[in-house]
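A.B. asks: For the record, the sequence lines run as chains A and B. Oh and the first sequence: position 550 is 550 in UniProt numbering, straight run, nothing missing. Oh and the second sequence: position 315 is 315 in UniProt numbering, straight run, nothing missing.
By construction, these hints were calculated from the structure, which means they are not laboratory data. Where is the CB? At the ideal position from N, CA and C, for every residue including glycine. Each hint should be verified, as a subset may be incorrect.
Listed below are several chain A residues computed to face chain B (Cβ distance under 10 Å; list not exhaustive) [what the hints assert, rightly or not]: (1) E219; (2) D221; (3) R223; (4) K261; (5) Y263; (6) G321; (7) P434.
Straight line, CA to CA, 27 Å or less: simulated DSS-like cross-link-like pairs of lysine-lysine [said to hold, decoys possible]: (8) A:K402 <-> A:K352; (9) A:K253 <-> A:K268; (10) B:K381 <-> A:K294; (11) B:K36 <-> A:K90; (12) B:K17 <-> A:K276; (13) A:K253 <-> A:K121; (14) B:K253 <-> A:K147; (15) B:K17 <-> A:K99; (16) A:K99 <-> B:K293; (17) B:K36 <-> A:K320; (18) A:K90 <-> B:K381; (19) A:K188 <-> A:K276; (20) A:K121 <-> A:K188; (21) A:K294 <-> B:K36; (22) A:K320 <-> A:K147; (23) A:K320 <-> A:K261; (24) A:K188 <-> A:K261; (25) B:K381 <-> A:K356; (26) B:K17 <-> A:K320; (27) A:K156 <-> A:K121; (28) A:K105 <-> B:K381.
Below, each chain spelled out in residue letters.
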Amino acid sequence: MGPKKGGAPKQRGNAAETVEETLQAVVLADTFETRFEPFTLERPRCLLTLANTPLIEYTLEFLANAGVEDVFLYGGAHSDQLERYINASKWRAPSSPFKQLTFLKSTSTSVGDVMRDLDGKHLITGDFIVVSGDVISNLPIEGALAKHRARREADKNAIMTMILREAGRNHRTKASSVSPVFVIDPTKDRCLHYEEIDQHNPDSTRLNIEPEIITSHQEIDLRQDLIDCNIDICTPDVLSLWSDSFDYQAPRKQFLFGVLKDYELNGKTIHTHIIKDHYAARVRNLKAYDAISKDIISRWTYPLCPDTNLLPGHNYELRKGSLYQEQGVTLARSCVIGRRTVIGQGTSIGDKTTVKDTVLGRDCKIGKNVTLEGAYIWDGAVIGDGTTVRQAIVADRAVVGKNCTVEPGALISFGVEIADGIKVTEGLRITKAPRDEDDGVPTSEPEIVGEGGTGYEYVPYEDEDEDDTASNASSGLIYNMAHLSLSTDSISTLSSEISDFGGSRSGSFSTTMSDDEDSDHFVHDAAASVYDSLREGVTSDVVQLELVSLRMTANASDHQVRRAVVSAFMKRVAQLMEGGKGAGEAVREIFGKYREIVERALFDREREDKPDQVDLLVLLQQDLVHRSRGDTVLLFIAKELYDLEIIDEEAYEQWWDDERSSSTEEMRQVRSQAQQFVDWLANAEEEESSEEEESEEEEDDD
Amino acid sequence: MPATSGPLTPGLASFLKTLRTNPIDTSIDNLISLLKRRQIRHSRSCATATAYLLRGVISASRTNDANKLIERVQNVGRRLMAAQPREMVVGNIVRRVLGLIRDEAEDDREGDFNLSEAGSESQPQTPRGLDDPTDVLSARHDGSDRGASRQPLPALTAAPISMFSLLSHPDTENSLPGTPVSASPSGRLLGHAPSKDIRAEVLDGISEIIDELTQVDDQIAAYALDHIHSNEIILTHTSSTTVQKFLLKAAAKRKFTVIHAEAFPNNHEATHATVSGANPYDDELLSTESFQKPLIALGITVILIPDSAVFALMSRVNKVILGTHSVLANGGLVASAGTRVIARAAKVHQTPVVVVSGVYKLSPVYPFDFDSLIEYGDASKVISYEDGDLVDQIDVQNPLYDYVPAELIDLYITNLGGHAPSYLYRIVSDHYRKEDISV
């Protein structure tokens with residue numbers, strides 16, 4: 001079985017069908033959350049190391065333990081890095097416990113999209129396990145699986161079993177800010193109701209349980225003591241359910257909640273499997289990262305411990321006091337290595353340094369008189385003499401100078417350099433990742449990293465309308481609960497980072513959105529759907545049909561439809577251009593073929609003023625602000641729309657005069673090239689238009 | 001492998017099943033990851049898996065050269081041992097296979113000399129031709145290892161070789177690596193027939209090891225009546241099948257009482273199942289022993305006690321019989337946690353401590369740092385993970401094994417018979433070649 005690309009799922013679909021009842025698993029490598037920023041700006045989340053082993057290894061280990069044979073791995077942000085990693089890993093080797101490991105790239109921006117995509121690909125043949133790429137568990141899954149199968153045999157509507165770990169009232173590994181509440185019928189292990197309680201939001205501290213549930217069940221359990229590790233055993237029905245409800249994004253807050261609510265409607269039941277032994281947890285945020293690191297070091301996750309040496313090439317040994325040490329570590333004679341510490345190969349620790357509760361990666365250089373407590377120092381980091389680091393993460397190749405203090409909760413991202421004597425204050429996040437698409441070289445902020453340092457403070461990108469501003473206040477790594485709050489399961493994170501698949505980060509559907517959530521969803525879904533259709537070359541009738549049905553269900557406005565269309569078309573145009581086509585060619589191809597769609601979004605053909613057409617042009621303009629060669633494209637579009645008689649001359653004039661189209665500097669910039677076209681429209685007589693256009697086009701193609 | 005509706009979790013059974021179909025390198029990696037994930041645990045499973053794998057390795061290697069075989073086995077062995085250094089039986093099996101190859105290589109060479117000197121005329125040099133000389137030689141050499149020649153008392157066969165090997169082996173060992181077998185003039189004379197033999201012989205030898213692994217418990221049990229007398233009170237610990245068979249054998253003839261310490265927290269469930277005869281959810285060893293009757297079915301009184309009560313009851317106990325994880329060269333044990341406490345209590349009460357163990361568990365490793373031999377297991381067995389406050393504030397350690405020093409043990413019963421701990425070094429030197437002690 002050679003390595004496979006995500007691009008050819010079809011042949012394998014047949015292969016998978018022939019093998020019945022192989023256990024399949026879907027790994028969501030990207031969970032579409034932003035909680036690990038700034039690290040996830042440069043590296044996919046599942047490749048972040050936990051006790052010096054990338055997160056994805058634990059998840060795949062779990063699946064191997066469970067006897068899974070087919071794995072579909074969905075990459076999100078930085079999927080190229082992940083793919084490279086997986087291809088080089090032991091999971092691709094012939095000895096891999098997986099018969100198939102398929103890497104699927106997707107354009108998804110949410111778990112829901114992934115599931116719908118999966119449904120479209122018809123890869124799933126039987127019961128399958130869905131896990132996110134950050135699950136750590138030593139649970140043998142047979143028990144749950146057998147129960148699930150028995151239930152499904154008995155009742156076809158038992159579509160899903162969630163595996164939940166019991167975990168007392170206070171637990172470090174439990175989510176602290178948002179607690180999921182499960183209402184369960186213990187006699188049938190059926191989940192009746194699900195709700196998330198946001199501890200920081202006084203409005204949501206009460207549950208809304210339908211009276212029906214209480215009256216119709218003799219016994220119900222209300223449980224808040226469960227760790228939800230997002231391990232679900234699903235039947236293929238789940239996928240079609242996802243597809244039916246295209247506005248679901250998050251697996252719990254929306255899908256689970258929605259399916260349970262619609263029980264009367266579709267009769268599907270979802271069950272729980274609550275485990276009391278074995279370990280199962282999910283690295284959902286930095287606090288969980290910290291807690292799970294500790295669990296691993298204290299061997300709660302046995303056998304998934306550092307001295308199991310999951311990665312080939314690792315050679316950790318357990319010493320007294322939960323000290324894991326690889327060969328080739330250089331320790332100064334007078335340094336003190338305390339309990340619960342992991343030290344990777346090639347790391348050197350200087351005189352009189354104290355290390356405790358700390359994970360040190362490979363090839364770190366720790367100076368003299370350093371104090372490390374509860375720190376996570378990743379591979380190749382350098383800590384200067386006399387520095388103190390407490391409960392902070394210092395990422396790969398970062399350099400902290402001499403006599404610095406890194407306070408709890410600070411996150412120092414890849415390659416950041418901090419000059420001598422600097423105090424990194426609590427919860428500060430420092431990165432040197434390119435800040436935005438346009439300024440290539442990020443400027444360093446000397447007030448943060450000191451003279452000669454590199455890096456700047458990272459302020460998390462946050463959706464304007466979202467509620468969890470509190471999550472910015474702290475990184476969540478610190479134990480101080482008062483500071484702690486992490487974003488809810490993220491519908492909110494249609495962040496530019498994730499939905500990006502062309503290359504330029506601003507290519508996302510969502511950056512320009514500020515409407516309420518529903519319309520966001522519609523625009524986003526519709527755009528995604530249209531874009532997919534364009535890419536696959538579906539006929540315009542089909543696209544139109546899909547668009548209309550989406551619109552009807554979401555009750556979306558014409559404006560929203562236009563927005564979705566523009567968004568999708570522009571993305572496709574950009575993609576074609578990247579593929580080597582000229583701007584004019586790309587525009588003609590798309591608008592020529594799908595003219596009808598644009599036309600059907602405009603309803604002002606007969607009117608004197610042309611608000612719809614103007615709106616379309618403005619939207620195009622807005623979209624093109626972010627794209628490369630947006631000005632050229634706009635010119636071609638203007639011309640093409642004119643040629644196709646989609647937009648009338650009057651509309652161009654009105655657009656040009658519309659204040660929206662010249663509101664900002666960028667907008668003006670983008671439309672600058674179109675100036676000639678508008679001028680020409682104004683001057684030219686209708687008759688000889690065609691010839692002139694052609695010559696003009698040739699000029700612009702250069 | 002078609003869909004497994006049965007046990008999903010990979011383990012010994014699935015490994016052995018795929019061993020036949022997979023290419024050998026895949027199987028090696030497969031076993032390594034199974035060992036790493038602790039999906040194959042316990043001495044016998046590890047030993048069986050290793051023996052089968054090495055048989056695969058030998059039969060897959062197309063070389064005829066003993067040195068190359070040794071190198072290959074060493075390579076594989078090192079990787080396996082690195083995967084789970086605390087399963088010492090893996091190393092033991094690797095060493096025994098290495099010893100086999102070396103023995104065969106030497107036999108072969110000496111056989112060649114005999115042949116070329118004595119019967120170089122018309123004697124056909126087919127594999128058959130070697131039968132006679134090897135039989136003669138095996139009287140000198142073969143007693144040092146496995147199977148066939150074990151049934152006679154080891155002391156008889158051991159004495160001549162030991163003297164012989166003391167004097168003669170050093171130079172043969174030294175010369176061995178220098179002069180590869182096939183390069184010897186007689187080897188060339190004979191074509192490749194003898195070197196072909198090496199592989200076949202080694203494979204036979206490994207099969208004997210595998211047979212030994214399946215029979216070892218019964219062989220040990222054969223000594224039971226010599227050691228367990230009527231109306232004795234026996235104390236034991238853990239659900240070791242070796243111990244169970246030993247006791248069952250005695251129970252067929254004699255009446256005695258067994259006090260069974262439950263080995264909390266790592267083995268108590270299995271122990272309870274053993275005592276009550278409830279079919280234990282056996283981990284991968286789904287073989288005959290899970291169907292055997294419990295002692296109580298034979299009319300034996302079995303008293304299950306918590307580990308903490310061992311000392312209190314020790315004064316009444318006539319004999320302590322223990323299973324073990326592995327036996328070290330100095331006579332010390334690495335056995336389930338709790339064993340040391342029992343052995344120590346027995347010492348205080350001057351109660352004899354008998355350890356039953358297959359020879360395959362006997363390791364030539366000397367415990368310079370016995371901390372490193374002890375595996376630490378899942379902390380949640382000790383306190384429950386639900387208890388968030390404790391988990392956060394307390395370091396929980398759950399050692400799976402104890403190191404029991406040799407002076408606490410009075411007698412070892414292996415498949416070769418009973419030995420004093422001080423005698424184990426002899427068995428070690430009979431079973432493992434000196435040059436293989438560090439693989």
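A.B. asks: A separate judgement is required for each hint: does it hold in the structure or not?
C.D. replies: Do the hints match the structure? See the list:
1. E219: violated, 22 Å
2. D221: For D221 of chain A, the interface hint is violated, since the closest Cβ of chain B sits about 15 Å away, which is over 10 Å.
3. R223: The hint is violated - R223 of chain A has no Cβ within 10 Å of chain B, the shortest such distance being about 12 Å.
4. K261: violated, 30 Å
5. Y263: With a closest approach of 30 Å, the Y263 of chain A hint is violated.
6. G321: holds, 8 Å
7. P434: violated, 39 Å
8. A:K402 <-> A:K352: With Cα atoms ~15 Å apart, K402 of chain A and K352 of chain A stay inside 27 Å; holds.
9. A:K253 <-> A:K268: holds, 17 Å
10. B:K381 <-> A:K294: OK: K381 of chain B and K294 of chain A at ~17 Å, within 27 Å.
11. B:K36 <-> A:K90: holds, 14 Å
12. B:K17 <-> A:K276: Violated - the C-alpha atoms of K276 of chain A and K17 of chain B are around 32 Å apart, more than 27 Å.
13. A:K253 <-> A:K121: holds, 25 Å
14. B:K253 <-> A:K147: violated, 45 Å
15. B:K17 <-> A:K99: Distance of about 15 Å is within 27 Å: holds.
16. A:K99 <-> B:K293: Violated - the C-alpha atoms of K293 of chain B and K99 of chain A are around 40 Å apart, more than 27 Å.
17. B:K36 <-> A:K320: Distance ~20 Å between K36 of chain B and K320 of chain A Cα, so the pair holds.
18. A:K90 <-> B:K381: violated, 31 Å
19. A:K188 <-> A:K276: Distance ~17 Å between K188 of chain A and K276 of chain A Cα, so the pair holds.
20. A:K121 <-> A:K188: violated, 33 Å
21. A:K294 <-> B:K36: holds, 21 Å
22. A:K320 <-> A:K147: violated, 41 Å
23. A:K320 <-> A:K261: violated, 52 Å
24. A:K188 <-> A:K261: holds, 18 Å
25. B:K381 <-> A:K356: Roughly 25 Å between the alpha carbons, so the hint for K381 of chain B and K356 of chain A holds.
26. B:K17 <-> A:K320: violated, 39 Å
27. A:K156 <-> A:K121: Cα-Cα ~23 Å, so holds.
28. A:K105 <-> B:K381: violated, 41 Å
Checked against the numbered hints given earlier, the structure breaks hints 1, 2, 3, 4, 5, 7, 12, 14, 16, 18, 20, 22, 23, 26, 28 and satisfies all the rest.
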